[in-house]
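Asks: What follows is the residue order along each chain.
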Amino acid sequence: MREKILTFIENNSRIELKDLAVMLGSSEAEIANEIADMEKEGIICGYHTLIDWDKTSEEKVTALIEVKVTPQRGLGFDKVAERIYNYPEVNSVYLISGGFDFLVMLEGKTMRDVAQFVSDKLSPLDSVLSTATHFILKKYKDHGSIMAHESKDERMLMTL
Amino acid sequence: MRNPLSDKVVSISPSGIRKFFDIVSEMPDAISLGVGEPDFDTPWHIRDEGIYALEKGRTFYTSNAGLKELRQEIVRYLERRIHTSYNPADEVLITVGGSEGIDMAFRAMLNPGDEVLIPQPSYVSYEPCAVLADGVPVIIELKAENDFRLTKQELLDAITDKTKILVLPFPNNPTGAIMEKKDLEEIAQVVIEKDIYVLSDEIYSELSYKGEHVSIASLPGMKERTILINGFSKAYAMTGWRLGYACGPAEIIGQMTKIHQYAIMCAPTNSQYAAVEALRNGDADVAVMRESYDQRRRFLMNAFREMGLSCFEPYGAFYAFPCIREFGMTSEEFATRFLEEEKVAVVPGTAFGACGEGFLRISYAYSLEQLKEALGRLGHFVARLRAEKGAR
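In the order they appear, the protein sequences are chains Y and S. Plus 18 on top of the position in the first sequence (first one is 1) and you've got this note's numbering. Plus 7 on top of the position in the second sequence (first one is 1) and you've got this note's numbering.
A hint or two may mislead.
In silico negatives: residues of chain Y with every beta carbon more than 12 Å from chain S [unchecked claim]:
| no. | residue |
| --- | --- |
| 1 | 20 |
| 2 | 26 |
| 3 | 40 |
| 4 | 48 |
| 5 | 54 |
| 6 | 70 |
| 7 | 89 |
| 8 | 94 |
| 9 | 101 |
| 10 | 114 |
| 11 | 117 |
| 12 | 152 |
| 13 | 153 |
Listed below are the simulated SDA-like cross-link pairs for lysine to any residue, each with C-alpha atoms no more than 25 Å apart in a straight line [said to hold, decoys possible]:
| no. | chain 1 | residue 1 | chain 2 | residue 2 |
| --- | --- | --- | --- | --- |
| 14 | Y | 22 | S | 219 |
| 15 | Y | 22 | S | 88 |
| 16 | Y | 36 | S | 386 |
| 17 | Y | 36 | S | 384 |
| 18 | Y | 170 | S | 347 |
| 19 | S | 379 | Y | 162 |
| 20 | S | 396 | S | 377 |
| 21 | Y | 157 | S | 48 |
| 22 | S | 379 | Y | 43 |
| 23 | S | 379 | Y | 164 |
| 24 | Y | 22 | S | 377 |
| 25 | Y | 36 | S | 305 |
| 26 | Y | 22 | S | 378 |
| 27 | Y | 36 | S | 380 |
| 28 | Y | 36 | S | 48 |
To be clear, the hints were calculated from the coordinates, so they are not data collected in a lab. Each residue gets a CB set at the ideal place from its N, CA and C atoms; glycine is no exception.
Isolated chain Y, as found in the complex (with noise of 0.2 Å):
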């Protein structure tokens, strides 16, 4: 039951929980139970909007930066990462395979608030070996939504 929940609002959180139970032949309080138990084990983690910004007048740029550091003895990446995420304007951390350690997403208002970020707050990180900065230009698709076109049903309205 709980991965049906979670599949399901996973794309869409804003259901309500009398469909929700519907939907999965369940009861009402069975889903609320579930889902108040998985957010105490944060297994869900929080509820938040997938916004297009590029389609309002707000000015935003978000960079993905790769970060190569010095895992510290007896903590291993862990600390380095809390040392980043720790700063707001970080929007996610993720320790990854390959060819470096780290890759933070960063939400600015310019450009030249994530150089600053970089250079005044990354960089000068005492494991932090070496960075490289990528801006966003464009974005696609995200969390499984696509942005650059609007679906929109083309069958006809009727057919046997």
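Once you've looked at the hints, dock chain S against the given chain Y.
Replies: Frame of chain Y; chain S shown alone:
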């Protein structure tokens, strides 16, 4: 001038609800619960394979029976899904949609005067296709109280010396009814005893919500008297690719292939390459779509319960078939008023046979938002009709 037309063709009546179709097509701002196709796009890896086939210049005819590779994949698929083995060399024919298979089977099997048993409500093409093949359609009217399943007694009552083929359209369009193993076993017993054949149209087989779909072909003694029709339209959301298949005894498939060769040549080549990919790597897509339909099915049934609309629980396809007899209107009157007053298109049950009178076909192959909007309007409409009736 001489009459240019065939009397037989002219005698076939056009769809009984053509008038209603015309009204619907005049209302571009209407929303709909009337479609007979999935709301998903074909999964991308399947589309990609179709595109790749075009890029590679695979733009030639395939063999008449269809790509060998595809026939082999179909055989593997049927082994894993209905546990029945066919020989890809002479027991499988790739057709242009499941519909072509129905037409070819009738033409290959019927002699003038042979009777074809057609349970209704059901898809609209069996009756005219049987007539075009010089068969005599005999309608079996399925009943709501049997959950629109075909019963042994109904079958026995309809069989005569001239009966040759029983059409078995389950999971059913428009009712959403299914036949479970125990139901099929009773039918199979009669079919074998009376020495008739079955045309089993299982185009919705992957959309079964009560256990695994069972094919009558998988029952003992039935493979040799069953033409199995299936295809890619519903399971893989590939309606526009026009691709289906027929499996059955080599003797019948051979004759069907002959007609197919002269009439069609072969099914579209790039669709066939895409279908190979669908069968090889599409099981997970089908599972996701099935789960999603099932969720919306429950949502729809709950909405009917809340508005007090009586409807048996459908366990297949993506349709429900609620009863509207309480309003004292014909299906077409109901559908027309609903369209005019609430701007929602649904299909009158009579489109699928006279015994569909008093019912509507409602499709749930829509997004939850679309369903909510349309069902909200249905709720209003139903409440208004009840108020009118109360006032009278």
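Asks: Evaluate each hint against the coordinates.
Replies: Now the hints, each set against the structure:
1. 20: 15 Å, holds
2. 26: Nearest chain S Cβ is 8 Å from residue 26 of chain Y, so the label is violated.
3. 40: Incorrect as stated: the minimum Cβ-Cβ distance to chain S is 4 Å, not above 12 Å.
4. 48: 15 Å, holds
5. 54: 22 Å, holds
6. 70: The claim stands: residue 70 of chain Y keeps its Cβ more than 12 Å from every Cβ of chain S (closest is about 19 Å).
7. 89: 37 Å, holds
8. 94: 35 Å, holds
9. 101: With a cut-off of 12 Å, residue 101 of chain Y remains clear of chain S, as the shortest Cβ separation is near 40 Å.
10. 114: At roughly 25 Å from the nearest Cβ of chain S, residue 114 of chain Y sits farther out than 12 Å, so the non-interface label holds.
11. 117: Non-interface label on residue 117 of chain Y holds, nearest chain S Cβ at 28 Å vs cutoff 12 Å.
12. 152: 26 Å, holds
13. 153: 28 Å, holds
14. Y:22 to S:219: 20 Å, holds
15. Y:22 to S:88: This hinted pair holds, its Cα atoms lying about 24 Å apart.
16. Y:36 to S:386: 17 Å, holds
17. Y:36 to S:384: Answer holds: residue 36 of chain Y to residue 384 of chain S is near 19 Å, not above 25 Å.
18. Y:170 to S:347: 23 Å, holds
19. S:379 to Y:162: 23 Å, holds
20. S:396 to S:377: Answer violated: residue 396 of chain S to residue 377 of chain S is near 29 Å, above 25 Å.
21. Y:157 to S:48: 22 Å, holds
22. S:379 to Y:43: 17 Å, holds
23. S:379 to Y:164: 23 Å, holds
24. Y:22 to S:377: 22 Å, holds
25. Y:36 to S:305: Judged against 25 Å, a Cα distance of about 12 Å means the pair holds.
26. Y:22 to S:378: 20 Å, holds
27. Y:36 to S:380: 16 Å, holds
28. Y:36 to S:48: With a Cα-Cα distance of about 28 Å, the restraint between residue 36 of chain Y and residue 48 of chain S is violated, given a limit of 25 Å.
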